[in-house]
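Trainee: One-letter residues, chain by chain:
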Amino acid sequence: MISFQATDEQEIVRDAMHEFAEQVLRPRAREADEASRVPEELFAQSSELGLVSTQLPASVGGGGEARSPITNAILLEELAWGDATLALAALAPAAFAFAVADQGSEEQRRALLPAFCGPAFHAASLALVEPGPLFDPALPRTFAEPKGESGFVLSGAKSFVPLADRASHFLVVARNNGGRDAFVVPRDAEGLSISEPEKNLGLRALPTATLHLERVLVPASARLGGASGCDVQRIVDAARTALAAVQVGLSRAVLEYAVPYARERRAFDQAIGQKQSIAFRLADMHIETEAQRWLAWKAASLLEQGLPATRAAHHARAYSAQHSMWIADQGVQVLGGHGFIREHPVEMWYRNARTLGVLEGTLGI
Amino acid sequence: MIDFELSDGDRRILEHVREEALICRGYARHYDENEHEFPPDELPEARGRQAAFALLRDRDELDSGLGVISMLVTMAETWGDYSVRMRRSRHGLGNAALNAAGTPEQQKKWGGLTLAMAITEPGCGSDPSQVQTTAVLDPATDEWVLNGEKIFVTTGCRAQGVVIWATLDRTAGRAGIKSFLVEKGTPGFVVAHKEKKLGIRADDTAAYVFRDCRIPRSNLLGGDESIPKQTSGGFRGVMKTFNMTRPGVSAIGLGIAEAALDFTRDELRRAGVEIGYGGGLAGQTAVAERFVRLEALFEAAKLSVLRAAWLSGEGRPNNLESSMCKAKAGAAVREITQGCIEILGPMAVSREHLLEKWFRDVRITDIYEGTGEIQRMIVARGLLNYTRAELS
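As given, the protein sequences belong to chains R and X, one line each in that order. The opening residue of the first sequence carries number 1 in the numbering used here; numbering runs sequentially from there. The opening residue of the second sequence carries number 1 in the numbering used here; numbering runs sequentially from there.
Simulated from the structure, these hints should not be mistaken for lab results. Check before you lean on any hint, since a few could be wrong.
Unchecked claim - Quick list of the computed label-pair ranges, beta carbon to beta carbon:
#1 R:Ser36 / X:Ser350: 55 to 61 Å
#2 R:Arg14 / X:Glu61: 23 to 29 Å
#3 R:Ser36 / X:Cys124: 57 to 63 Å
#4 R:Gln45 / X:Pro104: 57 to 63 Å
#5 X:Gly382 / R:Asp8: 23 to 29 Å
#6 R:Lys275 / X:Gly123: 24 to 30 Å
Fair warning: this is a prediction, and the values are worked out from it, not measured in the lab. From the three backbone atoms N, C-alpha and C, an ideal C-beta is built for every residue, glycine too.
The whole structure should be built from the sequences, with the hints applied where relevant.
Mentor: This is the structure we're talking about:
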């Protein structure tokens with residue numbers, strides 16, 4: 001049954017997240033960007049919100065609430081409206097935890113998930129992206145070499161791994177026997193080296209690093225899903241849907257900043273918002289923000305119902321990447337010189353939009 | 001609960017409509033090339049087939065709401081062809097106006113007629129406040145006397161009557177404009193000619209002339225003869241008609257765009273082009289990448305339309321959303337059909353295939369029922385909280 005009606009609980013989540021985004025994330029976004037650092041207390045605060053633990057099973061100490069990608073899409077939009085970078089930092093562990101919860105063996109769930117349910121923020125990350133041009137999540141260049149009883153040997157490099165400075169484990173996606181698999185690799189694994197923090201165009205506060213895997217031996221039990229492996233595409237689809245939801249929030253932030261500016265800023269005896277060239281642009285920014293949201297919700301809904309979501313997630317992702325970039329670009333233009341000045345957040349959103357648009361992985365939903 | 005899956009009941013209806021749509025498609029080229037012919041009110045194949053609207057009657061709570069399903073049915077119909085239908089609906093845009101603005105007596109009296117709507121004139125389109133057609137009351141006979149010209153009247157040839165906009169007082173601007181119902185055959189009301197068009201050729205579009213055309217005083221839609229001082233009032237009442245017709249015409253265009261995408265996908269598959277969704281940009285051919293972008297654009301426009309229709313079905317205001325989806329769909333269907341032709345190359349412009357026809361048929365989407373620019377004006381006013389005087 002086609003319906004756009006959020007549940008009462010989802011409305012409550014949206015309101016609570018909006019408040020957090022408005023009061024905690026947005027006021028710290030600029031400082032975090034300038035310092036290229038997430039304020040430490042923010043991790044603790046996001047842990048208190050139970051962003052990851054709420055939907056983990058009660059058997060591992062989680063909230064036991066049903067896994068709901070739609071609720072998470074709503075939540076991500078609100079947090080990203082506050083600041084996409086800080087939202088990513090808070091929810092990067094979800095990519096790891098939700099993949100383990102959804103596709104891990106019972107043994108893996110019992111071993112890895114309780115850490116996300118404690119009082120302190122726990123970091124673990126999905127390592128999907130790889131350095132160099134033409135990265136394709138369907139054809140990773142990190143390889144897993146089966147070594148029979150003793151497990152697998154992993155070789156390759158992973159870049160843009162979020163929270164790599166503090167993650168206890170990485171979920172490394174690698175080519176295995178023609179297919180793809182994901183392997184749980186502890187940060188102290190022999191042969192694994194973690195680079196200095198990467199310096200990126202946008203999402204500057206998000207600590208990311210490159211992992212080098214030089215013949216890292218992991219036991220057979222490190223393979224996500226155990227002997228039968230896992231569906232890596234499902235993890236990619238979830239990440240794409242999550243990123244699309246983040247881009248909706250970013251787009252809305254730009255729009256909601258540009259609209260009052262256009263009403264206030266005057267030129268040639270008129271508010272610039274009264275000129276069609278600006279007014280129509282804002283109308284299109286609004287139309288495209290909403291369209292992105294429906295695409296993200298559709299992909300999230302398919303994920304939630306356990307239906308094939310690859311196509312919908314790709315549509316949501318490709319559309320959001322293109323249009324959130326366009327919206328951020330138009331936001332800069334509406335503000336003119338002020339769009340270029342770091343006193344306003346729009347230039348930061350412009351950099352963040354370009355960065356988000358080419359990412360894969362990083363988030364779960 | 002947020003959901004985008006169709007129920008089994010929804011699917012059954014849409015399959016039924018699509019089956020019919022394919023039958024209609026068989027006639028599409030003929031009526032495009034023979035613009036002077038009217039497609040029959042009922043195709044021979046319609047006999048013995050259950051009408052789709054009959055299936056809409058027995059719906060349960062698991063099915064999508066009426067607002068949403070009617071958009072999907074519209075899309076499924078035009079996926080076959082824009083204007084060849086199994087059974088022609090008796091309803092025109094004038095019927096929507098009658099339902100929105102007519103008194104109960106008027107609705108009862110004319111509800112059974114097919115009614116066109118005549119707004120546009122040779123000198124005014126997007127700005128209907130400039131309507132020059134006049135309505136003057138003759139107190140001696142208690143009749144309105146209409147004088148003026150109307151163009152671009154959809155279904156104007158076949159309709160049995162028309163809702164026309166005329167002004168009681170040209171100096172009063174929008175406030176002076178009222179709508180009147182005129183039945184065909186009224187002396188002084190002439191169907192001047194049938195327009196020849198780029199697309200949607202099987203759908204008749206008429207030009208009317210009114211010369212001292214006399215109609216009863218009670219034919220003023222809604223019955224209110226006063227001219228309000230403020231410029232909102234009655235005019236806004238008539239404009240409300242568009243809140244459901246704008247998603248509706250968007251759906252009409254999107255059904256055609258979907259046909260174009262399906263045709264292009266099949267041709268690409270036959271040519272051995274693989275379209276992937278799981279990988280990155282690097283693994284995709286330029287043609288496949290372009291196609292997937294058009295698919296996503298289609299989905300974006302379709303979901304915008306469904307959202308506007310869903311709001312209406314829930315009894316919630318959707319004035320802004322219906323303009324948003326119209327602006328979105330109007331642009332999307334152009335880009336999609338233009339893009340499909342570009343992707344397939346020279347074969348796509350051959351009249352052997354319907355793609356070139358679809359490209360012509362969808363072009364009207366961004367023009368009628370308010371151009372894309374008018375929709376953006378409405379959206380921008382809502383967004384910026386501007387009045388008509390502040391933003392025009």
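Trainee: Please go over all the hints and tell whether each is borne out by the structure.
Mentor: Hint check:
Between Ser36 of chain R and Ser350 of chain X the beta carbons are some 58 Å apart, a value that agrees with the proposed interval 55 to 61 Å. Checking the proposed 23 to 29 Å range against Arg14 of chain R and Glu61 of chain X shows it holds: the Cβ atoms sit about 25 Å from each other. Between Ser36 of chain R and Cys124 of chain X the Cβ separation comes to about 58 Å, which falls inside the hinted range of 57 to 63 Å. Between Gln45 of chain R and Pro104 of chain X the CB atoms are about 60 Å apart, so this pair conforms to the stated range of 57 to 63 Å.
Between Gly382 of chain X and Asp8 of chain R the beta carbon distance is about 27 Å. The supplied range of 23 to 29 Å therefore holds. Between Lys275 of chain R and Gly123 of chain X the beta carbon distance is about 26 Å. The supplied range of 24 to 30 Å therefore holds.
Comparing the model with each numbered hint stated earlier shows that all of them hold.
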